[in-house]
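Enquirer: Here are the chains, one letter per residue:
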Amino acid sequence: MKILVCITHVPDTTSKIAFTNNNTSFDKTGVQYIIGPYDDYALARAVELKEQSGGSITVLNVGEAETEPTLRKALAIGADEAIRINAFPSDSFFVANQIAAVAKDGNYDLILMGRESIDFNGGQVHGMVGELLGIPSLSPVMTLDIEGTTAKMAREIEGGKESLEAELPLVLGCQEPIAEWKIPNMRGIMTARTKPLNVIEPTDNTTRVATNSFELPPAKGAIRMVDADNVEELVQLLKNEAKVI
Amino acid sequence: MSILVFIENAEGAAKNSSLEAVSYASAMSNGAEVIAIVFGSIENQALEVIGKAGAAKVLHVDDSKLNMGVIQAYSSAIAQAFEKENANTLVLAQSSIGDPVAASVSIKVGASMATNVTELPDTTDGFKVKRSIYTGKAFAIVDLSSDKKIIGIKKNAAVIKEDGSAPTIEKYEPNLEDKDFGVKILSQNKATGDVLLPEADIVVSGGRGLKGPENWGMIEDLAKSLGAATGCSKPVSDMDWRPHHEHVGQTGIKVAPSLYIAVGISGAIQHLAGVNSSKVIVVINKDPEAPFFKAADYGIVGDAFDVVPKLTKAINAANN
Ligand SMILES: Cc1cc2nc3c(=O)[nH]c(=O)nc-3n(C[C@H](O)[C@H](O)[C@H](O)COP(=O)(O)OP(=O)(O)OC[C@H]3O[C@@H](n4cnc5c(N)ncnc54)[C@H](O)[C@@H]3O)c2cc1C
Ligand SMILES: Nc1ncnc2c1ncn2[C@@H]1O[C@H](COP(=O)(O)O)[C@@H](O)[C@H]1O
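Line by line, the protein sequences are chains A and B. When we follow this note's numbering, the leftmost residue of the first sequence carries the number 1, and every step to the right adds one. When we follow this note's numbering, the leftmost residue of the second sequence carries the number 1001, and every step to the right adds one.
I should point out that these hints are in silico values taken from the structure, not numbers from a laboratory. Treat the hints with care, as some may be off.
[Unchecked claim] To be clear about the criterion: a stretch of chain B counts as covered by chain A if any three or more of its residues have a C-beta under 8 Å from a C-beta of chain A, and this derived list gives those stretches:
| hint | stretch |
| --- | --- |
| 1 | 1032-1041 |
| 2 | 1049-1063 |
| 3 | 1174-1186 |
| 4 | 1257-1270 |
[Unchecked claim] Once the Cα atoms are required to be at most 30 Å apart in a straight line, the calculated DSSO-like pairs of lysine-lysine come out as:
| hint | chain 1 | residue 1 | chain 2 | residue 2 |
| --- | --- | --- | --- | --- |
| 5 | B | Lys-1279 | A | Lys-239 |
| 6 | A | Lys-2 | B | Lys-1184 |
| 7 | A | Lys-104 | B | Lys-1211 |
| 8 | B | Lys-1190 | A | Lys-104 |
| 9 | A | Lys-243 | B | Lys-1279 |
| 10 | B | Lys-1128 | A | Lys-152 |
| 11 | B | Lys-1286 | B | Lys-1313 |
| 12 | A | Lys-243 | B | Lys-1084 |
| 13 | B | Lys-1294 | A | Lys-16 |
| 14 | B | Lys-1211 | A | Lys-182 |
| 15 | B | Lys-1130 | B | Lys-1052 |
| 16 | B | Lys-1286 | A | Lys-16 |
| 17 | B | Lys-1211 | A | Lys-152 |
| 18 | B | Lys-1015 | A | Lys-239 |
| 19 | B | Lys-1179 | A | Lys-28 |
| 20 | A | Lys-16 | B | Lys-1161 |
| 21 | A | Lys-2 | B | Lys-1108 |
| 22 | B | Lys-1148 | A | Lys-239 |
| 23 | B | Lys-1190 | A | Lys-220 |
| 24 | B | Lys-1108 | A | Lys-104 |
| 25 | A | Lys-152 | B | Lys-1179 |
| 26 | A | Lys-16 | B | Lys-1128 |
| 27 | B | Lys-1179 | A | Lys-2 |
| 28 | B | Lys-1179 | A | Lys-243 |
| 29 | B | Lys-1184 | A | Lys-243 |
| 30 | B | Lys-1130 | A | Lys-243 |
| 31 | B | Lys-1108 | A | Lys-243 |
| 32 | B | Lys-1286 | A | Lys-239 |
| 33 | B | Lys-1108 | A | Lys-28 |
| 34 | A | Lys-243 | B | Lys-1015 |
| 35 | A | Lys-28 | B | Lys-1161 |
| 36 | A | Lys-152 | B | Lys-1108 |
| 37 | A | Lys-220 | B | Lys-1128 |
| 38 | B | Lys-1148 | B | Lys-1015 |
| 39 | B | Lys-1184 | A | Lys-152 |
| 40 | B | Lys-1130 | A | Lys-16 |
Note that the Cβ used here is the ideal one computed from N, Cα and C, for glycine as well.
All chains, please: the whole structure from these sequences, using the hints.
Expert: Laid out in structure tokens, this is it:
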């Protein structure tokens, strides 16, 4: 089985979000970067599937040179080779086009992504890639098993889940509990250094959405504490002051 | 010109979030006709409600094969409706159906798309929308430059109108192919009767401070007194105390209720990422130093096992 895993290079979930250049660029000062948490689930499941039935895993990121440590980490976790498409990921359509171009030549059985990136929160790229390739895409996928050329999956829906079946090839947006995050071991880190990381240039530069500026949400007001022995006061406040019940 | 709105059919009625999408479309329409499209069996009266929310016309694809979320088929039908109705915009509410439909239609019709949109567009210079990014920690103002546009709205981006007139109802038979049914839905398994978490107006969530699944009765009682949905922190669903679809946060459901009550949850940044769009937050925690208090509007320092039953009682008393 040939698996392509698409990963984002995103600020650690504890990062403080701030902007510079008159609120037109993200402030990277002091920010640690990680593999997107959902992409990390996708990668972990890919590694498990390879352990079960062999094959190969390619990880791909559309990003500038700074994302290479993140790709190396994915190699350390268990991918066999990495591809970096050398461009700033300016919008989802641009990213989807680059991924689809790689996928067209690659003959992958499975293209695994995260359900969403945690910086852009689009939840769009997998659906776009599926449509560009003319194959089904599904998200958010919670379990994935392969039997022959059929994928059996559970997908989260509001208030529950559905079980699904579809023929490979497929594009899937993954989320827990599809697999547990894997931490690279020493051997993985050593071998990752010599695994191939190919840099290719974008094929098509079309974008459809331009980001103009950023804003931070308004700061929260002060908290009002209520005594544990006086819960009636809280009920009154919620009714008469906040007017939410 | 017209604006299409995709309506999600929840067992014979339009979902509330879809009605928000209709009212959003109506508010931005500027004279364009708002046309809703709905799939599967639905009550006539439910079609009227779509008109009240602001649609002039409803395209009804009355085919029971389309009752359950057949995403590929919905996308094909909507792409055809773009052409048929000379539409330039699609508005829909974000969900496990809406998101994939939006992505696929955007490629089929060549549209600029923004999801997570929180406000009406600003068309004074270009076509700008505000969308939530970094999991609720910031916003981006983006410009949709293509002629065709798709807008996926977050909960509360619009208030549902109720004063629209009766819509024209048109049976619509799009051309669907076998490949639109390539994904087989074997079964669906949903909590029924409960308030759904992503749509809930009040949410009561419990964390590891509740010690075990056997103690969720008091969370459910409090939720019931408020007509609320129940949620939980990630460790709680990881340990299977609660189902995964209740897990709130960075890697779970993002909620936007008017009231969020957190019981025995420390307030880790990844949990806050899922609740920061709530209007009012109440925190109940025995540790006065719990970080959640910094993000809350009201707080009680106390033992959940003591405070929660008292609070339920006080709410029930105030309701009567
Ligand atoms: C990449 C990543 C993604 C994550 N995504 C999420 C996510 O989506 N959602 C999420 O929730 N977490 C997420 N986490 C985990 C998060 O960091 C925290 O570990 C988690 O939220 C803690 O859950 P908790 O508050 O229930 O438990 P704890 O942190 O253990 O807190 C329990 C709280 O209960 C209080 N307490 C104990 N007993 C009582 C009592 N009797 N009465 C009242 N209060 C009591 C304690 O004072 C404490 O504050 C993520 C972590 C990472 C690294
Ligand atoms: N720049 C990128 N490079 C590689 N994969 C990406 C990139 N952006 C998004 N993806 C993939 O698409 C998924 C959904 O992203 P999004 O549509 O931005 O929420 C992510 O979880 C990744 O798997």
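Enquirer: Each hint: holds or not?
Expert: Hint check:
no., hint, result
1, 1032-1041, "violated (count 0)"
2, 1049-1063, "violated (count 0)"
3, 1174-1186, "holds (count 5)"
4, 1257-1270, "holds (count 4)"
5, Lys-1279(B) / Lys-239(A), "holds, 14 Å"
6, Lys-2(A) / Lys-1184(B), "holds, 23 Å"
7, Lys-104(A) / Lys-1211(B), "violated, 50 Å"
8, Lys-1190(B) / Lys-104(A), "violated, 37 Å"
9, Lys-243(A) / Lys-1279(B), "holds, 11 Å"
10, Lys-1128(B) / Lys-152(A), "violated, 40 Å"
11, Lys-1286(B) / Lys-1313(B), "holds, 20 Å"
12, Lys-243(A) / Lys-1084(B), "violated, 45 Å"
13, Lys-1294(B) / Lys-16(A), "holds, 15 Å"
14, Lys-1211(B) / Lys-182(A), "holds, 27 Å"
15, Lys-1130(B) / Lys-1052(B), "holds, 26 Å"
16, Lys-1286(B) / Lys-16(A), "holds, 27 Å"
17, Lys-1211(B) / Lys-152(A), "violated, 35 Å"
18, Lys-1015(B) / Lys-239(A), "holds, 27 Å"
19, Lys-1179(B) / Lys-28(A), "violated, 45 Å"
20, Lys-16(A) / Lys-1161(B), "violated, 38 Å"
21, Lys-2(A) / Lys-1108(B), "holds, 27 Å"
22, Lys-1148(B) / Lys-239(A), "violated, 44 Å"
23, Lys-1190(B) / Lys-220(A), "violated, 35 Å"
24, Lys-1108(B) / Lys-104(A), "holds, 18 Å"
25, Lys-152(A) / Lys-1179(B), "holds, 18 Å"
26, Lys-16(A) / Lys-1128(B), "holds, 26 Å"
27, Lys-1179(B) / Lys-2(A), "holds, 23 Å"
28, Lys-1179(B) / Lys-243(A), "violated, 50 Å"
29, Lys-1184(B) / Lys-243(A), "violated, 45 Å"
30, Lys-1130(B) / Lys-243(A), "holds, 27 Å"
31, Lys-1108(B) / Lys-243(A), "violated, 45 Å"
32, Lys-1286(B) / Lys-239(A), "holds, 24 Å"
33, Lys-1108(B) / Lys-28(A), "violated, 36 Å"
34, Lys-243(A) / Lys-1015(B), "holds, 25 Å"
35, Lys-28(A) / Lys-1161(B), "violated, 42 Å"
36, Lys-152(A) / Lys-1108(B), "holds, 27 Å"
37, Lys-220(A) / Lys-1128(B), "holds, 26 Å"
38, Lys-1148(B) / Lys-1015(B), "holds, 25 Å"
39, Lys-1184(B) / Lys-152(A), "holds, 10 Å"
40, Lys-1130(B) / Lys-16(A), "holds, 20 Å"
Comparing the model with each earlier hint shows violations of hints 1, 2, 7, 8, 10, 12, 17, 19, 20, 22, 23, 28, 29, 31, 33 and 35; every other hint is respected.
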